[in-house]
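Visitor: From these two lone chains plus the hints, build me the complex, please.
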Amino acid sequence: MQVARLIPNMRDKKESVQPLTPIVSEERLTDDQLVSAALEGDDTAYKQLMDRHSQRVFSIIGSYFKQPDLREEIAQDVFVKAYFALKSYGKGERFDAWLARIAVNRCYDELRRRKRHPEMSFTDITDDEDTWLEGAVAKSAKETFKMEQGREVARDLAEKLLATLPADDRLVLSLIDGEDYSLAEVADMTGWTVGKIKMKAMRARRRLSETLGRLLDGRKTKRPVLTGK
Amino acid sequence: MNCNEANELIIAAKDGKPEDQSSAFKAHVKECSACSQLMLVSNIRQELVSSYSDEKVAVPPFFAAKVMAAINEKRNVPDEWTWIWQIARRMVPAALAVMVMVAVFTFGFSPNGQVQSVGQNDQGLISLSSEYNRSLVGTDGQSSIMTSTGDLPADSVLSTVMGINGGRTNNE
Chain A
0 MQVARLIPNM RDKKESVQPL TPIVSEERLT DDQLVSAALE GDDTAYKQLM DRHSQRVFSI
60 IGSYFKQPDL REEIAQDVFV KAYFALKSYG KGERFDAWLA RIAVNRCYDE LRRRKRHPEM
120 SFTDITDDED TWLEGAVAKS AKETFKMEQG REVARDLAEK LLATLPADDR LVLSLIDGED
180 YSLAEVADMT GWTVGKIKMK AMRARRRLSE TLGRLLDGRK TKRPVLTGK
Chain B
0 MNCNEANELI IAAKDGKPED QSSAFKAHVK ECSACSQLML VSNIRQELVS SYSDEKVAVP
60 PFFAAKVMAA INEKRNVPDE WTWIWQIARR MVPAALAVMV MVAVFTFGFS PNGQVQSVGQ
120 NDQGLISLSS EYNRSLVGTD GQSSIMTSTG DLPADSVLST VMGINGGRTN NE
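Here the protein sequences line up with chains A and B, keeping their order.
Following numbering that gives the first Met the number 0, the numbering of the first sequence begins with 0 at its first residue and continues without gaps.
Following numbering that gives the first Met the number 0, the numbering of the second sequence begins with 0 at its first residue and continues without gaps.
A hint or two may mislead.
[What the hints assert, rightly or not] No more than 35 angstroms apart at the CA atoms, straight line, and that leaves these computed lysine-lysine pairs for DSBU-like: (1) 80(A) x 65(B); (2) 25(B) x 195(A); (3) 55(B) x 159(A); (4) 73(B) x 197(A); (5) 65(B) x 90(A); (6) 16(B) x 65(A).
For the record, the hints were derived by calculation from the structure and aren't laboratory data.
Only chain B is shown next, with the shape it has when bound in the complex (with noise of 0.2 angstroms):
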């Protein structure tokens, strides 16, 4: 027997002391000092754990009734995906009440009908209706959109709808 042989018995055994010890193992040992200085070392591993886990731990008192409450107050208190769907449920008024403020902003609103003039924010949307104007420049070099009552002057269909006077917004 070798010392990786012995050391693998050794090692197996809780405490070190192999059971079914045989004389190979035996006269290993015997004349091997690092074998028997493991099997010494594996004998005060076990003790060491062994008193680790030996000690006798009562049960603190009211142990149980601490317990019951823990869970009673567990019980109370919603999990997460309540909490998720709560806030959930207050951001969806919350979301159509900003969908429509940008609506309102973007678009115009007026109780009586009609096309409320736009703040200087919209100035991007004015320039943006401006090269769509100029985009329906006709052939007679003038700029024209077709409405219900006819062709009319982009200018002057702009101006009613952006809510522009001679160029100019309401704000100036």
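For reference, chain A alone in the conformation it holds in the complex (with noise of 0.2 angstroms):
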């Protein structure tokens, strides 16, 4: 019986219980305020950016590197550095642009660590990249790549294109034609001019080109003829 008197009440009480105050005030604060804040020493303004840019930053990583743990690892190295070079962050410039280049320039020293594959031949590629590719050739890639299955091929036969490239021409290709950023972002990322970055861009789009065709030829000396259609 008491018990069963007991239940109203606590019901009662968790209802009337008032929620917690914030800590860190409701009134959104601008990314300089945030850094001023975390120069004076307040770690929940720090917290704020990084739940601020978190996701763009995980987005650029996971651009270059598929592997969760490897991508953790990048994106704690990025804010940690970050934290550390605040003072160097100039007020009124876009903290989001400062801390891709940040970003960049770690993915592009990790890059630069791992080792390159320069040849890739049809061997090295599995029975499933190789259906993606009969059906990329047959103008059924969209459809090929609608499906989740079809997609993971895809990342993995990408991902072994990409391995053949040096590590600046791989940052430059993945930031344009993967990330769609422009010329001039990416000139501000990586501190290069536009006329290098274009010519990097065109470098890898061409040996990338240049190693699918010979895959291609590979599969045609393999398999029948494919009609395209």
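Guide: Quick look at the structure:
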């Protein structure tokens, strides 16, 4: 009986509990204000900056690396580095662009550190990737692409192809063709000139097209001739 | 239009399809199988590159907390220069101690003001002293060293200084 009597009381109490006062004001502060607060030792402010920008940082890193652990490790490095470099952040500058620059540079370092596989032959691709290529040549790539499995296969094949590129070419190609950044934005992130970026993008496209062309030629010698229809 | 010009246009376009396709370009691609193949390959290439980037990447849980922990850890770790400075600070007294020990072993030291005997390792110094002794041999054939009490035979002076009696060290 007592318990039964207590339950409604507890429920009433639960409903009457006031929400906790937020530590950080609900008012949306600008990035510059949060940076100033972080520089004064307010860790909550830096956490807020992270909440705002971590998605973009992860997207940039994700366009180069697919392993979740590695992505997290790199992202962590980026935010730690950014924290200790906050003094160098110029007010009025876009914080997301500043952070993207740090992320791109960190990715570039990681790409340079990794072993490049300059050559790729038909024997390097799996049966699924071969089927995907067949579909792509038959101009049904879009349909193949829509399926989740097809997407995974395309990603694996893309990873192999991209691994044949030098780090700087891959960096530029992924940003321009993969992430749809403009030449000016890439120039801002990398510190390279627009002309240099254009040249690297062209070189990367040419190399990939040559490799892909060789793979397709390899298919033709192994498989019946494709009609493309 | 030749193949080189067409290739440049195809490669310059993201997906291998130039936006402004002139009639010359269209005509060339229609006739040239290599260029039309390059257009197809460029299109596949673009599909692959964008497929690699289009994956939605979720921020892992507790990411911000992990970063803050890493920042706090780094805050407490002194940087490289601090380490070097700390090592240097420890090295200075050690280096001074070594220098004092070298000086004591080289020049001798006695708390009561008397010159201590030299060890066997200082035979080189003794032979050097003998060389010096010989260089002081006067015209009379006797070596001598000028001291505050007048010229004394070099042998006796060196014996006193080096703690040698009759050409033998105290250790012997």
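Visitor: Holds or violated: are the alpha carbons of residue 65(B) and residue 90(A) at most 35 angstroms from each other?
Guide: holds (27 angstroms)
Visitor: Would you mind confirming whether the straight-line C-alpha gap from residue 55(B) to residue 159(A) stays at or under 35 angstroms?
Guide: Judged against 35 angstroms, a Cα distance of about 20 angstroms means the pair holds.
Visitor: For the pair supplied as a hint, residue 16(B) and residue 65(A), is the alpha-carbon distance within the 35 angstroms limit?
Guide: holds (29 angstroms)
Visitor: Given the proposed pairing of residue 80(A) with residue 65(B), does the C-alpha separation stay at or below 35 angstroms?
Guide: Satisfied, since the Cα-Cα distance of roughly 14 angstroms is no more than 35 angstroms.
Visitor: Has the given pair, residue 73(B) with residue 197(A), been kept, meaning a C-alpha gap of at most 35 angstroms?
Guide: violated (39 angstroms)
Visitor: Taking 35 angstroms as the top limit, are the C-alpha atoms of residue 25(B) and residue 195(A) close enough?
Guide: Status holds; Cα separation ~29 angstroms.
Hint 4 from the earlier list is the only one contradicted by this structure; the remaining hints agree with it.
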